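Next come the chains, spelled out residue by residue.
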Amino acid sequence: MPYISEFINTTIQDSSEKNIGKLKDVLIRPRAGTYAGLGYILVKNKKYKKDFFIPFEQVENLSNKEITLKNVFSESNIEHTVPPEHIFLIKDVLDQQIVDMGGARVVRVNDLKLGVFEGSMSVLGIDISFKGLLRRLGLTFIDFFKMMPSNLIDWRQAHPIKGALRLDTVSQNLTKLHPADLANIIEDLNIKQGGQLVTSLDEREAAKVLEEMDPHLKKILIKHMGPEKVGKIIERMSVDEAVDVIKTLSKDEARHFLSFLQEGKSKTVQKLLSHPNDTAGGLMTTDFVRVTPDWTVGDTIDEIRKISPSLRSLLYVYVTNKRDIFQGTVSLRRLLLAQSHQKISSIMKKTRATGNLRVHNKINEITTTMTKYNLYSAAVLDKKKRLVGIVTIDDIMRRIRPNA
Amino acid sequence: MLKTKSILKKLAFIMAVVGPGIIAANADNDAGGITTYSIAGAHFGVKMLWVLFLITISLAVTQEMGVRIGVITRQGLGGIIRENFGIKWTAFAMVAMLVANLGTITAEFAGVAAAFSIFGISKFIVVPLAALAVWFILLKGTFRTTQKIFLVFSAFYIVYIINGFIIHPDFGEAITSLVKPTIEWTTPFLLTMIALIGTTITPWGQFFIQSYVVDKGLDIKHYKTEKAEVYVGAFITDIVSFFIIISTAAVLYKHGIRITDAKDAAMALRPLAGNLAQLLFAFGLFSASMLGAFILPTATAYALCEAFGWESGFNTTWKTGRTFYSIILFTIIVPALIVLLPKISLIKIMILSQDVNGILLPFILIFVMKIINDKRIMGEHVNKPIGNIIAWATIYGIIGATVVLVVTSLLGYN
Numbered sequence: 001m002p003y004i005s006e007f008i009n010t011t012i013q014d015s016s017e018k019n020i021g022k023l024k025d026v027l028i029r030p031r032a033g034t035y036a037g038l039g040y041i042l043v044k045n046k047k048y049k050k051d052f053f054i055p056f057e058q059v060e061n062l063s064n065k066e067i068t069l070k071n072v073f074s075e076s077n078i079e080h081t082v083p084p085e086h087i088f089l090i091k092d093v094l095d096q097q098i099v100d101m102g103g104a105r106v107v108r109v110n111d112l113k114l115g116v117f118e119g120s121m122s123v124l125g126i127d128i129s130f131k132g133l134l135r136r137l138g139l140t141f142i143d144f145f146k147m148m149p150s151n152l153i154d155w156r157q158a159h160p161i162k163g164a165l166r167l168d169t170v171s172q173n174l175t176k177l178h179p180a181d182l183a184n185i186i187e188d189l190n191i192k193q194g195g196q197l198v199t200s201l202d203e204r205e206a207a208k209v210l211e212e213m214d215p216h217l218k219k220i221l222i223k224h225m226g227p228e229k230v231g232k233i234i235e236r237m238s239v240d241e242a243v244d245v246i247k248t249l250s251k252d253e254a255r256h257f258l259s260f261l262q263e264g265k266s267k268t269v270q271k272l273l274s275h276p277n278d279t280a281g282g283l284m285t286t287d288f289v290r291v292t293p294d295w296t297v298g299d300t301i302d303e304i305r306k307i308s309p310s311l312r313s314l315l316y317v318y319v320t321n322k323r324d325i326f327q328g329t330v331s332l333r334r335l336l337l338a339q340s341h342q343k344i345s346s347i348m349k350k351t352r353a354t355g356n357l358r359v360h361n362k363i364n365e366i367t368t369t370m371t372k373y374n375l376y377s378a379a380v381l382d383k384k385k386r387l388v389g390i391v392t393i394d395d396i397m398r399r400i401r402p403n404a
Numbered sequence: 001m002l003k004t005k006s007i008l009k010k011l012a013f014i015m016a017v018v019g020p021g022i023i024a025a026n027a028d029n030d031a032g033g034i035t036t037y038s039i040a041g042a043h044f045g046v047k048m049l050w051v052l053f054l055i056t057i058s059l060a061v062t063q064e065m066g067v068r069i070g071v072i073t074r075q076g077l078g079g080i081i082r083e084n085f086g087i088k089w090t091a092f093a094m095v096a097m098l099v100a101n102l103g104t105i106t107a108e109f110a111g112v113a114a115a116f117s118i119f120g121i122s123k124f125i126v127v128p129l130a131a132l133a134v135w136f137i138l139l140k141g142t143f144r145t146t147q148k149i150f151l152v153f154s155a156f157y158i159v160y161i162i163n164g165f166i167i168h169p170d171f172g173e174a175i176t177s178l179v180k181p182t183i184e185w186t187t188p189f190l191l192t193m194i195a196l197i198g199t200t201i202t203p204w205g206q207f208f209i210q211s212y213v214v215d216k217g218l219d220i221k222h223y224k225t226e227k228a229e230v231y232v233g234a235f236i237t238d239i240v241s242f243f244i245i246i247s248t249a250a251v252l253y254k255h256g257i258r259i260t261d262a263k264d265a266a267m268a269l270r271p272l273a274g275n276l277a278q279l280l281f282a283f284g285l286f287s288a289s290m291l292g293a294f295i296l297p298t299a300t301a302y303a304l305c306e307a308f309g310w311e312s313g314f315n316t317t318w319k320t321g322r323t324f325y326s327i328i329l330f331t332i333i334v335p336a337l338i339v340l341l342p343k344i345s346l347i348k349i350m351i352l353s354q355d356v357n358g359i360l361l362p363f364i365l366i367f368v369m370k371i372i373n374d375k376r377i378m379g380e381h382v383n384k385p386i387g388n389i390i391a392w393a394t395i396y397g398i399i400g401a402t403v404v405l406v407v408t409s410l411l412g413y414n
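As you go down the protein sequences, you meet chains U and P in turn.
The numbering of the first sequence is my numbering, which starts it at 1 and goes up by one.
The numbering of the second sequence is my numbering, which starts it at 1 and goes up by one.
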């Protein structure tokens, strides 16, 4: 099966065996989830000032010796305008970077494999192998034992990032990926492309992706995108992540970014900002479910249904009295097993038995407490034993393994 | 109050971008650099200062172009070459860079060996140890800290400046030589001259400054500060080079001493350090060499991986980053082995590798020129005429010198 590099500069003849030029590029109209049939060929001929397009249906035979057309070529209907929604395979795809969704990474295109799919010549795969490089360089003889592996990426898994097909249309497919994988891809792209990709995602998705990114690159990306765009994304982040983002900025920039947040969120973020990074206060989030002991299980479950979309995770319901003093926790398991008319006070685990954190606790104190009491998330109290936030296990893991 | 605040703000902004220009410039004074400047002074006195003066301007201009391309495209040089010149030119540029860098890394290991040879410690002990140290520190990820340490160490060059004042050189003569071209049509002179250019403006420096700017996420709004930093960096490096040359000119050239090993070069510091000169020189040469030995294999691997699309970075696993790690290993082992060849002259390695750099430099610079004058890539930030004139003059200057070198050595003018 042929590769596209074999056809570059191949002579094109029409059905009367007249030379009409050389192949300069091939155009396709990519569609998500399927192989793209070749749409047009771009022909270069010194006789005409501009290169021109011929629809691929007119191609009779495609080989690396010559390309022949079905009809007699007539100069009168030469087409110079770029067909809409098409991309250039050689200019925009070959040698450029593409997103490999299967591997959640960014790779460089060494060659493109062509083949027949449902009766029409299409791009089937992307060659990213060393063998592909050698073929392009005319050095295939180096692989004389034919030992080198081919490494093809299925075209349906691949997304070009340059040219007419812009990232915003691509991103609909990318959202199928896990945010962590998407974050990896963005880390591989250059900051411009990465910024475009993040902007093209919906804000909730973008927030998740940013949370997963490497801190150093995240900082650069955020500065590149600017407060206006990032403000909307931070709005959708959990409070502790928003704080993390703001913390990477200088004071002036932070103030600027904060001004793009809604007032309530901005205030909570500012409050959290006052705690040092590596303490419970700095790690905690204020997104959790809080009830008082006199609530019933039914009320609580209703409340959870209502606010759950704004929470990243939910493992316990936290109980405080009217003055915010921490009383205890109720696990989801207990909630599920209880009758809906039961009072929270009757099923909650009291403070003494739960273990909790203080805002100034250092990371090793936090891990000790959480390990000792087997907690996936722990309550954080201030000096007056008021509940101010919770620390969840994923925040701790991120702190321990920042580059994962 | 308000005013000091705004000054502080400005200062903070400047501190944030300070780095690439100064680091790249400082790393220019590596083993190859220190040797080449010493030889230029010891063998030819102040005759080559005018070349130094001209290439300081060239260095500033070419580094600034690297910064500008980085800021606008947000991509390394390898990637841009691949995306705009196709695979064959990319292969050509990358081979040129690889050869030049292998030469420079060889010079770094030769520098380590030369530094310890002063104390009579064999290169067969030192070089393998240094190679191992580089490999493990790169893998263990303490690269940034290590880089900083050696960068601080390389501040040792200040001693050359102090030394330069102590020996009371003829500053009048030196200043005249800066602007008055003198040339000898002999192979040694031309070889040293090309090495002088090749150690100051380097292919790797061009790749390095650009990826540094990209990694740091510098924006067009940082451009002015960064430009200033690059200019300052070029000036500082060449001030040091200037003082190395006048020191060796005054101490060695005047007495007809030629440099055949590191001990001879160290003598230039005697007026300042007396008997400690050798220790001081060895320390400086060692740290400068190690700084280069850390930066270069990594920079080479990143550039190659970017151009050919292999996965790179120290956070990749052995399996996915196999090519990346292989390149680093290759660029450490091969140069170390070359240095370990018995009977090879360390000084010759250090200066000839800089010639290789000088001869290959024009090829890389031509790519840079093509890119920076391409409106599709650079938009409104294409080169101004003055930048083009200086850069092309540099390119043609080196090509001219190389051609003359080949002709004179063929005709046998030694």
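Source of the hints: derived by calculation from the structure; they are not laboratory data.
Be a bit skeptical, because a hint or two may be false.
Said to hold, decoys possible - Listed next, the in silico DMTMM-like pairs over lysine to aspartate or glutamate satisfying Cα-Cα at most 25 Å (straight line): (1) U:Lys251 - P:Glu311; (2) U:Lys232 - P:Asp219; (3) P:Lys216 - U:Asp214; (4) U:Lys22 - U:Asp100; (5) P:Lys216 - U:Glu263; (6) U:Lys176 - U:Asp143; (7) U:Lys247 - U:Asp188.
Quantities reported herein were computed from a predicted structural model and do not represent experimental measurements.
Evaluated hints:
About 36 Å separates the Cα atoms of Lys251 of chain U and Glu311 of chain P, which puts this hinted pair outside 25 Å; it is violated. Restraint check: the Cα-Cα separation between Lys232 of chain U and Asp219 of chain P comes to about 22 Å, which is no more than 25 Å; the hinted pair holds. The hinted pair formed by Lys216 of chain P and Asp214 of chain U meets the criterion: a straight-line CA distance of about 14 Å does not exceed 25 Å. The hinted pair formed by Lys22 of chain U and Asp100 of chain U fails the criterion: a straight-line CA distance of about 31 Å is larger than 25 Å.
Taken as a hint, the Lys216 of chain P and Glu263 of chain U pair is broken in the structure, with Cα atoms around 32 Å apart against an allowance of 25 Å. At most 25 Å may separate the alpha-carbon atoms for a hinted pair to count; Lys176 of chain U and Asp143 of chain U exceed this at roughly 38 Å. A threshold of 25 Å between alpha carbons decides the hint, and for Lys247 of chain U with Asp188 of chain U the separation of about 24 Å falls inside it, so the pair holds.
Figure legend: structure checked against the earlier numbered hints; hints not met, in rising order: 1, 4, 5 and 6.
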